[in-house]
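Chemist: Chains as they are written, first to last, in my numbering: chain A, 1 to 390; chain B, 1 to 390.
Worth flagging that the hints you see were computed from the coordinates, not collected in a lab.
All of these numbers come straight from a predicted model, not from anything done at the bench.
Just so it is clear, CB atoms sit at the ideal spot from N, CA and C, and this is done for glycine as well.
Honestly, I wouldn't trust all of these hints.
Looking from chain B toward chain A, a few residues come up when the C-beta cut is under 7 Å (computed) [unchecked claim]:
hint, residue
1, V52
2, A159
3, S177
4, T192
5, L199
6, D200
7, M205
8, A209
9, L214
10, G216
11, M225
12, R320
13, Q330
Protein chains: 2
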Amino acid sequence: MSAPLEGITVLSIEQAISAPLCTRHLADLGARVIKVENPGIGDSTRHYDGVVRGMAAHFVWLNHGKESAELNLTDSADAEVFARLLTKADVLVSNLAPGALGRLGLDPADLLERYPQLIVVDISGYGRGGPLDHKRAYDLLVQAEGGSASITGLPGQPAKPGIPVADIGTALYAYSSVLAALYDRDRTGRGTVIPIAMLDVVAEMMGFALNAVLHGGEEPEPVGMGSPMIAPYGAYATKDGQTAVLGTTSDREWRRLAGDLLRRPDLVEDARYARNADRVARRAELDEILGAWCAARDLADIQRLADEAGIGNARLNSVRDLAEHPQLAQRHRWRQVGSPVGPVAALLPPALGRGWEVPEGRVPALGADTAAIRAEAAELELPDRADDSA
Amino acid sequence: MSAPLEGITVLSIEQAISAPLCTRHLADLGARVIKVENPGIGDSTRHYDGVVRGMAAHFVWLNHGKESAELNLTDSADAEVFARLLTKADVLVSNLAPGALGRLGLDPADLLERYPQLIVVDISGYGRGGPLDHKRAYDLLVQAEGGSASITGLPGQPAKPGIPVADIGTALYAYSSVLAALYDRDRTGRGTVIPIAMLDVVAEMMGFALNAVLHGGEEPEPVGMGSPMIAPYGAYATKDGQTAVLGTTSDREWRRLAGDLLRRPDLVEDARYARNADRVARRAELDEILGAWCAARDLADIQRLADEAGIGNARLNSVRDLAEHPQLAQRHRWRQVGSPVGPVAALLPPALGRGWEVPEGRVPALGADTAAIRAEAAELELPDRADDSA
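Kindly produce the complete structure, drawing on both the sequences and the hints.
Modeler: Here is the structure:
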């Protein structure tokens with residue numbers, strides 16, 4: 001057993017979700033991650049709430065397995081500590097506000113000249129150039145700009161996806177691009193600069209809807225638990241007070257659903273429902289039929305019958321249902337990670353190769369590793385600044 | 001300029017979104033991707049619609065830059081073609097239904113014994129073991145099981161996030177795990193098997209909500225465009241018939257919003273709104289105040305004033321607004337890719353290192369490359385099957 005990124009050092013000037021999730025996954029693969037935090041304050045998510053025995057729900061989720069160094073990068077002595085650390089770093093991740101890296105003397109292109117081995121990931125809301133260049137970007141704002149909220153919710157009532165997909169998507173593109181750059185560096189001997197804009201990430205995830213609008217011209221309308229593109233599909237209340245989720249993705253499945261599950265050969269034969277486009281146009285009628293069928297049965301019976309008919313189905317779960325999901329428990333997906341207040345629950349990373357060791361995580365107290373990291377930096381040579389004095 | 005994955009060959013037995021988006025991004029990095037499709041039918045998304053000049057919106061989004069080989073893996077001659085291709089493949093990705101790889105004689109662990117260089121990504125809905133082991137899994141179903149829909153929508157009216165986050169998240173974990181495994185293989189000389197379950201991916205993305213429920217006990221309720229955790233935050237109709245999105249993420253920002261933006265020193269001083277928890281409890285009152293303020297102003301004025309006050313803000317965009325977004329156009333994010341019906345628009349990949357060449361993509365017709373790939377396979381030696389005859 002070994003961890004793929006053993007020996008890799010990541011420095012991260014990070015806040016909130018996108019950069020922290022990226023570097024947490026690098027830590028999950030065995031990289032050493034040094035989280036640089038503002039003295040006395042730290043990552044803003046530390047202060048969101050105190051739900052996890054005094055620690056914040058977001059912070060605990062995103063930061064186990066990292067070291068925390070309190071460094072004030074606007075202070076010249078601390079900036080020098082950071083410059084020394086960069087000499088042996090493989091990766092620098094940042095999601096500071098637009099222009100902030102440059103103001104700290106850490107412009108990504110300059111860094112790469114000074115530290116040619118370095119992989120610099122520069123996360124922003126909207127990228128360089130364009131009318132939104134310097135705008136603040138939070139998950140909800142980028143999801144609004146990116147059209148993601150317009151295809152979520154109910155007709156005329158858009159909603160923000162509960163999962164912060166702009167932040168998390170950005171984290172995952174940042175994470176994968178670091179891995180691609182490490183692989184590339186083994187061949188070229190050079191690091192690189194990787195700019196990532198949250199809007200570009202949302203636009204990528206909207207690819208199907210963009211194609212529909214660009215070519216077909218039709219704006220997809222949100223339909224709650226359903227899909228604007230297929231019908232019937234949705235969530236239906238059951239006799240025992242639960243909610244079943246089921247539907248069809250093709251004409252063939254519709255015939256199975258109507259014939260084998262609902263036992264309604266009349267529907268199978270009904271030309272008004274034969275094709276998906278017909279069913280989308282008559283979504284309300286089909287929702288009523290499925291709704292009445294589910295309302296007369298308990299969830300367990302619905303799911304058994306749907307399985308037998310080869311119709312995909314699920315239970316609409318709350319967050320607590322997920323926390324207690326037997327599919328996570330029986331597959332041993334939960335573990336404990338360390339923290340300043342003792343062990344707390346965390347999930348294993350979602351994608352692990354067989355034979356990859358998962359490091360024991362630890363949620364760092366603010367500045368827990370500052371002294372050790374300062375001492376370590378003092379032993380490192382500052383980089384050659386010849387090009388600066390030229 | 002070069003592409004990081006030049007020289008890497010990926011075989012993919014893929015359908016729908018998760019595996020296809022994973023391999024499209026591998027192609028974006030220069031890998032050769034051979035998409036294996038059922039003769040005459042192919043990837044089911046080919047038939048979703050014909051919106052892109054006869055091609056489907058989903059298919060075009062997810063498949064440019066790949067080759068298509070029609071192979072019937074239940075036919076022994078075609079299975080042998082596939083076995084020959086595996087001898088020089090670096091990666092095999094599959095999102096077949098549970099157990100299907102095994103029934104094709106392609107059990108991941110066996111494959112790794114036969115092809116020790118191979119990285120096998122085995123995507124499933126719910127993983128091996130547990131009560132949902134063999135259940136069908138579509139994006140909506142896994143989002144329902146995973147609690148993601150329960151924190152999206154309106155109180156009592158859960159909704160599916162429009163972006164298929166279970167599929168896309170799984171694609172991105174598959175993609176990054178391939179890159180980690182390639183990097184690892186350079187050191188160990190060995191491939192690996194990477195099982196990825198969509199439910200585990202959704203659970204990871206629900207980390208903040210899981211922590212809140214596990215420790216605090218409170219179930220987050222969806223509040224449309226707002227956040228259950230902070231207030232005020234939301235979407236408000238403007239005088240000129242548009243929708244502004246804005247709000248606060250901290251007590252300090254609230255004082256700026258109330259004082260500098262709304263010009264309401266009385267609200268800044270009002271103890272009933274001083275802390276976020278207070279404001280969450282009085283969300284409706286604050287939404288009314290912000291709603292009235294926005295209703296009296298045009299969007300451009302609202303955004304200018306919010307920028308001046310240092311308050312994050314956005315426009316609630318439709319998909320068409322995103323397609324025509326100046327932030328994408330002015331930053332040259334659109335390009336053309338080839339297809340059987342001529343060039344079609346596509347976005348550049350969201351994360352590219354400087355100096356990485358983006359291959360020209362092409363959307364393959366079903367089986368466009370079958371003949372060439374069969375000829376190529378005929379030149380390859382079958383692997384040593386000694387262990388099979390033992």
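Chemist: Return the status of the interface hint for L199/B: holds when the least beta-carbon distance to chain A is below 7 Å, violated otherwise.
Modeler: Since chain A brings a Cβ to about 6 Å from L199/B, closer than 7 Å, the hint holds.
Chemist: Checking hints one by one. Is V52/B an interface residue toward chain A, by the C-beta closer than 7 Å rule?
Modeler: Cβ of V52/B sits 5 Å from chain A, so the hint holds.
Chemist: For the restraint on M205/B, tell me whether the closest CB of chain A is nearer than 7 Å.
Modeler: holds (5 Å)
Chemist: The hint names T192/B as touching chain A; please verify it with the least Cβ-Cβ distance against 7 Å.
Modeler: Holds, because the Cβ-Cβ distance from T192/B to chain A comes to roughly 4 Å (cut-off 7 Å).
Chemist: How about R320/B: closest beta carbon in chain A under 7 Å, or not?
Modeler: holds (5 Å)
Chemist: Using the nearest Cβ pair, does S177/B come within less than 7 Å of chain A?
Modeler: Since the shortest Cβ distance to chain A is 4 Å, the answer is holds.
Chemist: Verify the interface restraint on A209/B: the C-beta must sit less than 7 Å from at least one C-beta of chain A.
Modeler: holds (5 Å)
Chemist: Hint check: is the beta carbon of Q330/B less than 7 Å from a beta carbon of chain A?
Modeler: holds (4 Å)
Chemist: Could you check if L214/B really has its C-beta closer than 7 Å to a C-beta on chain A?
Modeler: This hint holds: L214/B lies near chain A, its Cβ roughly 5 Å from the closest one there, short of 7 Å.
Chemist: With a cut-off of 7 Å, does the beta carbon of G216/B approach a beta carbon of chain A closely enough for the hint to hold?
Modeler: Interface hint status for G216/B: holds (4 Å vs cutoff 7 Å).
Chemist: A159/B was flagged as interface toward chain A. Is the shortest Cβ-Cβ separation under 7 Å?
Modeler: holds (5 Å)
Chemist: Measuring from the C-beta of D200/B to each C-beta in chain A, is the shortest one below 7 Å?
Modeler: Hint holds; D200/B Cβ to chain A Cβ min 4 Å, cut 7 Å.
Consistency with the previously given hints is maintained throughout, with no hint failing.
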